[in-house]
Structure formats: C-alpha cells, structure tokens
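A.B. asks: Residue-level listing of the chains:
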Amino acid sequence: MRAMLAIARNTLREALRDRVLYLFLGFAVLMLVSSKIFGLLTVGDEGKVIKDLGLAGVQFFSMLIAVMMSVLLVSREVDGRTVYNILAKPVRRWQFLLGKYLGLLATVALNLTLMALVLVTMVRLYSGEWDMGLLFASAMILLEMALVTAFATLFAVLTRPMLGTVFTLAVYIIGHVAENIWLLTQQITVGVTKPIVAAIYYLLPNLERFNFKTEVVHDLSIPHAEIGVTVVYGLAYTALVLVLACVRFSHKDLT
Amino acid sequence: MRRPLAVAAVVITLLAVVVTCEVILHNAPEADPLGKRLLYLPSPDVLRLASLGNDGLVADLLYLWSIQYYSQFDFREKFLYLDTVFNLITDLDPRYFDAYRIGAMIMSVQKHGDPELHKKAIVRLYDKGIDAMPDDWEIAEWAAWDAYLVLQDTDQAVKWMGIAAERPDAPGVLKRLYGRWRDNIHGWTAEDSIAHWEDVLAEAETKSETNLATSHIYDSYVSLHRSTLDPMLQGFSQVARRCPESWQELVDEGWLASVPVDYLGNPYGVDPNTCTLVAHKKIRWD
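Order-wise, the sequence lines are chains A and B. Anchor point for the first sequence: position 207 equals 197 in our numbering, and the numbering is continuous, going up by one each time. Numbering-wise, our numbering comes out as the position in the second sequence, counting from 1, plus 2.
If we strip away everything but chain A, and leave its shape as in the complex, we get (with noise of 0.2 Å):
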C-alpha cells in the first residue's frame, strides 16, 4: 500500500510539472470565466447558459485531461526504462500500476476541483447564491472520469499511447450515446439478436449514468437510491477495467 501510494504521489508531482496540464486547465477557466458573456447574449434568465456551458467545459477539460495524460505515463515509464528502477524494488507491477492510476486520479480530481470552484464562485457572482448542487454534478463527472481514467490505463498497458488515446475517446462516446443501444432493442422484435444487443447494452460503460447536469441545472429532485446505485455501477466498473488492466499489465514484456 505505501508503495502504491508513493507512485501515485510521484505520479501526482510529475503530472503537476507538466506544462499540458496547465494549457488545459488555463483554457478550461478561460471557459468558464467567458461563460459569463454568452449568458449576456441570451434573453431571459444568465444562470442557466452560466450553468450548463460551466459544466459541459468541466467535464469536457476533465476528459481531455484523463485521456491525454493517462496514456502518456506509462509510455514513458516504459520508453525511459525508469520502470525498470522501480520494478527492481519490492512493488508488484500490479502496485505500479494501481499506484499511476491513483496518482492520475488525483491529477484530474484536483484539476475539476478548481474548475469546480471558479464555475460556483461564477455562478455566486452571478446569481448571489452558492449553488451546491454544482458540486454535486462535478463530484458526478468526476466518478465518470475515474472509470474513463481506469480505460485510458487499461489501454496504456495494451496498446501504443495513441492508438490508447483514440481507443479511450471512442470508449468516451460510445459510453455517452450506449442509450440508444437500448432503443435497438426495441426494434428487434425476433431471434437471438436481441439478446444478444442487449447483453451489449448492459455490458458496456453507460457513462450518462453520471449526468445529473440537467437535474442540477434545472433543481429538480434526484433520488437518493438512484445516486446511492449510481455510485456503485461506477465504483465497480472502474474496479473491473483496474483488474484487467493489472492482468495484462502483470503479464506484459516490458523489454
């Protein structure tokens, strides 16, 4: 465990040096400050454009954060033998492994953090009041960026890092529009295909499980149960791609 949790801190300061990151992150603020101008173009009430181009740039700069650090440093590790060095010590790779994603974790949690506060700090300018629900929607986006982080990992280990990161971007949009693999079902009326599309449905990510944006946004109710169920689909499914991952990893060639 502390050898775990020494890799995610070392993971953590290597990200934090990283000057991408903070393109991203200068971006993502610049978003979310200007959010303010396009709420002064509408007509009617400023809080909700505030609100809803607030979170999509949360979640949008999240998403590119996970993706394009996550299969970045494991390459590196590999490309710049350093993984060898640490490998020699007493951790498993599986530690090595859980000890990266962790740090990324933290890189990207720490990130939507702040772009969390600029968006509510944006919103009590606005509005006057501190909307915690923002909160709420963020710490969402982030459970779905744990399991999209968990992906980028699994295909660090798999594959070369770009072909990681187009791999983890389509798992990121299939996991957005998996609903409509449901509607197919309907369509199909006979036959072993329907079963079959649905096992589909139900297998892979459903990633706007964790869209609660238009619930806050809006102030509507959202029941405990659901958030409660929410939080374990994401938790355990992050946990299987992690398991995969340390698999694969655990059997890789690293020479």
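Note that these hints are calculated values from the structure, not bench results. Beta carbons are placed, not taken as given, at the ideal position from N, Cα and C, and that holds for glycine. Each hint should be verified, as a subset may be incorrect.
Looking from chain A toward chain B, a few residues come up when the C-beta cut is under 8 Å (computed) [as the list claims (entries may be wrong)]:
no., residue
1, 24
2, 38
3, 46
4, 163
5, 167
With a cut-off of at most 20 Å between alpha-carbon atoms, the simulated EDC-like pairs for lysine to aspartate or glutamate come out as follows [what the hints assert, rightly or not]:
no., chain 1, residue 1, chain 2, residue 2
6, A, 26, B, 168
7, B, 284, B, 273
8, B, 130, B, 76
9, B, 130, A, 119
10, B, 122, B, 168
11, B, 130, B, 140
We have chain A already, so just place chain B on it with the hints.
C.D. replies: Leaving out everything else, chain B in the frame of chain A:
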C-alpha cells in the same frame, strides 16, 4: 537589422492580405445564410447523440442563435422555421422555461402569414411546456397571461390559469385570478363557482382576500337564488296582476315559507320596475 525588418514586413503583409480577404468575404452578399443552415438542422435525437450528454448546452446555443437570427427579421417578413427551431430547443431541454416564453413571444409578433396558424403554434408550444413541467406553475401562469393579453383568448387564458392554480406551491393569487376570470366569462355553474370561492375563503389570509371570496360567493348565491325566485315573482305578478311590494307578500300568500335572505343573511328586495330580485351586497372593504 535588415532581416528582422524583412520578417516584420512579411508578417504585416500577410496579415493585411488575411484581413482584406476576410473583409471581402464578410461583405459578399449572402441570401439568408442562417436560413439555409436551418434547413439542414438535424433532428433532436441526432443533436442529443452528438452532444454527448450536454443536451442543455446545445439547447442554450440554439436558443442564443435563434434570438440573434429572428431579431434580424422585420415583423412583416416570414419568420423561417420558427416553429421547428423552438420545438427542437424544447425537445433538447424540455424544462427550458425561457425558450417557451420567448419562442411564444417571437411567434406572436410576426405579422406575415395566417394569425390563426401562429396562434395554434403558440398554444402548441405552451401546452408542450406545461406538460413537460408538471410541477411548475410559472409556465402555465405565463401562458395564461399571454393568452389573455396577447392572443386575447379568454377561454384559453382561463384554462391555463386553472392549470397554474392547481400546481403545487402556486401562490393563492392564481386561484383568485382563475375564479375571477372564470366568473367573468360565466364559464361554470354557480355551484362550481361557490365551491371554488369557498376553497379560496378557507385559505384566505388577509381581510381583502376574505372579502373578495365572500363577494364572489355572494354573487353566485344571488344568481342561484335568482334562478328560482325570479320565476316565482313572475308567477305571483301574473296571478295578482301586479308586482309584489316585498317578499313578505309571497310568504303571506303561501308562495314561500319565509322571506328569502342572501349569503350574508340580509333579506332580498324586489325591484318594482322589472319585478325581479334585488340584492343589497354590503361588505366592509376597509
């Protein structure tokens, strides 16, 4: 020294070319470029898919775009794809209050085309919003005022105000307004009116609210009583060949068991000119 100057000259020249090209392209005449783009506007399902979970944001962008677009039109011009655009926005975000409100307003200002069709589109848009937000009274109230003031359709206004008044957390004023409007159009029976205003009376918190409800109940009872007492007066005058001076005469002649009284317990009078019931409503408003 020469080289940096040459580089600067090249940069400035290229910048000038770029800006000139942009000025030329910007000023090139284009026949309704936005309208052409609107023609190929994707369906809400496609836009929802493409938004990757940000339906609300896409609705916002379309809404902002529509405001800019339709503000370019003269009232007498045809507002292209107006119905389609606001349907699309509200399909993407069914709880977008401003989209219903402003969409209906834009639909109402256009002078081109058949006003009945515009009215139908407005009613459709508001009905959609009212259905999409079953816990919201504001959209129904807004629709009611628009129907009352803009569409000048009192029946529709009364219907929407009734919906607004029934919604959770609706302020009491909506219930009173609904009762007044419905009384004005004689849109219900006296019994229904009494039942409604008795509800209002039970919830009244101020003297003026109590008086308003009492006044409406009073009027409804008068119209209810009038429907039975006026024919009695007519019957008496046909038999006696004159109008009775008071209700006591009808009691004395066995037409009535007692002198009829109004909601507040005061006896009714008889108008000798028209031979009809007269009510003397006495409510202290101060």
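A.B. asks: Hint by hint, which ones does this structure get wrong, listed from lowest number up?
C.D. replies: 1, 6, 8, 9 and 10
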